Amino acid sequence: MTKKFFSKSGVLFIMSLFMVFALFACVQRDHKAGGFVGGPCQYKSYPGQATILSITDSQAGAPDQIKRFDVKFSFTPQEKIEESFGRAEGKTFNLYGNNWQYPDQEFLRVHNIQVGKVLDGNLRAIPVLFDFPALKQKQ
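Under our numbering, the sequence shown has 53 at position 53, and the numbering climbs by one with no breaks.
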C-alpha cells in the first residue's frame, strides 16, 4: 500500500513540477520587443501592395458547407525584404478570410474583393504574415 501511495505522489509531484515550469515558460517575455502576435517574436514589417490575381471555387470542405473561394494574390513591397524566406517576388499567396478559412461570398462582397483589386498591406517577416487593415471584420 505504501508503494502504491508513493507512486501516485511521485506522479503528482512530477506533474506539478512540469506545470510550474510550463507556467514560467509561458510568461517569459522580452520586454524590449513590445507587443507580439502568436508568440514572443519581433516582426519586421514591410509595407506594400497586394494585387488580387484570381478567384476560383475552393474544393475544400464538404458540399453541404458554405461555398468558399480560393483567392490568390501577389505582393509588392515598398522596400527590399531583408529576410530571404520572406521575399515575395514572383510568388503567389492565398488570401484567407476570418478564422484562417478560405473566404466566402459574403467576405468577398463586403470587402469588394475582385480580380485586379489592389490592397494596401504589410508583409510581416519571422514568420511571414500578411495584414490587411481594410479586411478586418465589417460584418
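In case anyone wonders, no lab produced these hints; they're calculated from the structure.
Note that this is a predicted model, so its numbers are computed, not measured.
Watch out, some of these pointers could steer you wrong.
[To be verified] In silico DSSO-like cross-links for lysine-lysine, where the CA-CA straight-line distance does not exceed 30 Å:
| hint | residue 1 | residue 2 |
| --- | --- | --- |
| 1 | Lys136 | Lys117 |
| 2 | Lys80 | Lys136 |
| 3 | Lys136 | Lys91 |
| 4 | Lys91 | Lys80 |
| 5 | Lys67 | Lys44 |
| 6 | Lys72 | Lys136 |
| 7 | Lys80 | Lys117 |
| 8 | Lys80 | Lys67 |
Going down the list of hints, with the structure as the test:
{"no.": "1", "hint": "Lys136 / Lys117", "in the structure": "holds (16 Å)"}
{"no.": "2", "hint": "Lys80 / Lys136", "in the structure": "holds (26 Å)"}
{"no.": "3", "hint": "Lys136 / Lys91", "in the structure": "holds (24 Å)"}
{"no.": "4", "hint": "Lys91 / Lys80", "in the structure": "holds (15 Å)"}
{"no.": "5", "hint": "Lys67 / Lys44", "in the structure": "violated (35 Å)"}
{"no.": "6", "hint": "Lys72 / Lys136", "in the structure": "holds (18 Å)"}
{"no.": "7", "hint": "Lys80 / Lys117", "in the structure": "holds (23 Å)"}
{"no.": "8", "hint": "Lys80 / Lys67", "in the structure": "violated (37 Å)"}
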